Amino acid sequence: MKRRNFVNLFLGGSLLATVAAFLYPVVRYLLPAKQASAAQQKVTAAKVGELPPNSAKSFRFGSSVAVLVNTAEGQLVALSAVCTHLTCTVRFESDTATLFCPCHNGRFDLGGNVLSGPPPAPLETYRVEVAGEDIVVSRKS
Amino acid sequence: MAKTPGRAVFEFLDERFLLSDIITFGRKKMVPEHRQSFWYFFGGICLFLTGIQVATGLLLLLYYTPHVDFAHESVQFIMSQVKFGWLIRSVHSWTANILIGVIFVHMFSTFFLKAYRKPRELTWMTGFFLLVMFMAFGFSGYLLPWNELSYFATRVGTDIAGSLPLIGKWLKTVILGGPDVSQATLSRFFWFHVALLPLAALAFIGLHVLLVQTLGMSKPVGVREKREIPFFPDFLLKDAVGWTLILVLVGVLCVFLPWEVGPKADPFAPTPLGIKPEWYFTFMFTTLKIVPPHILGVEGEMLAILGFLAGGLLWLLVPFLDRRAARDERSPVFTWAGLAVALYIIVMTVLTYTVPKL
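Heads up: the sequence lines are chains A and B, in that order. Our numbering puts the first residue of the first sequence at -4, with every later residue one more than the last. Our numbering puts the first residue of the second sequence at 232, with every later residue one more than the last.
Rather than coming from a laboratory, the hints here were simulated on the basis of the structure. Just so you know, not all the hints are guaranteed correct.
[What the hints assert, rightly or not] Covered stretches of chain B (chain A as the covering partner; in silico rule of three or more C-beta atoms under 8 Å from a C-beta of chain A):
| hint | stretch |
| --- | --- |
| 1 | 333 to 339 |
| 2 | 374 to 387 |
| 3 | 491 to 504 |
| 4 | 525 to 532 |
Since this is a predicted model, take the numbers as computed values, not measurements. Ideal Cβ placement from N, Cα and C applies to all residues, glycine included.
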């Protein structure tokens, strides 16, 4: 290799390394810091008697949102309230006893199954237990 | 004869900023005049509205607080307590929407007049990037009042980015500053809206205007008229008529329809009924509504998003694809394709508002 080529390569490489040394901290700075995200396994969603038949309540489950439904027959069901299409929060509609996503008109039954609209997957369902005065919702897996 | 004070000030400034040279340049610069030259004014209107955006945006910064606990309250304060706060914010919001509409008109008129043809390919491309930037301005600014519509629109919008293959999840986390819309998102969107995007837009506007100045205005294919008018003062005065009309329209809109604040965002509440994004995103929003969940085993949503990306790329590269226009020949295929795109956008936008249960 000629001396001039070597010097050009050395200077060019140094310049690139300098630019990278400046850019690296900036890029790392822009990436969000990792947060401890231990998924919550269990939560008290409501008190017994709080929900009349054929009504629902949204509640916080970990970093997400879930919905507890007391059906017209008095059965308690809990599901993720995050629509599987584009993550809007679904709402309970008492006249059809379904969960409806107003963003793109997705509809789910109370088993989480897609009835209509663009959602590609069912809603995650949770276990519901009554412990004393509390209605406790927990993840199945 | 003694100099008038105005003349003295002009001469003082002229000596320092060479104003006479700029005026002489403006007088020498000629603009073609023909039956399509009406469309030239839309570029100037874009620039005028951008100026209003900068001025009102700077004023809003004085009272706005980019924090989830105070953002909504600070906007309410601007609207209800600050003298003329309602006017400044309404002007900012209305002109932002009108600006994007005018950019669309400017882009389609440029398209149909084939002004993108050689040697103006880069003018077209910088203009395309400016449209994308201004849509990003709209998207990031929409979240800042931290109301329920903007909160859910941001969730949907960023989830669209999240469903891109390979980089989607990473990209969504970077945009949001975490797994979901939160304080980190508000901080990022604020930074993006008031610092990064304005810098980038300034650079691109500079480049776009420089190209227009260097290459002059394009004459449509087949127009043989040789008539021209000076840029200064003839064209600029005509431009000013358009600006005045827009200003009147903005004034009327702000007085009779001041921009709403809406209820504060509640991340754990169900999405409100009738939610939709800003009008310029609705053609994509409605497409995502009607696309089936799966097409040939692939998620329909992802296919639609990839379709929009591919369409955007083709639109950007039009100057290089339309070889007939590059040779100064008519290119009806591209005209029809442009009409189809315009019709699709219009029909989908109208459907969003007329058939919400689609």
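Q. Which earlier hints turn out false for this structure, listed by number in ascending order?
A. Number 1 - this is the single hint that the structure violates.
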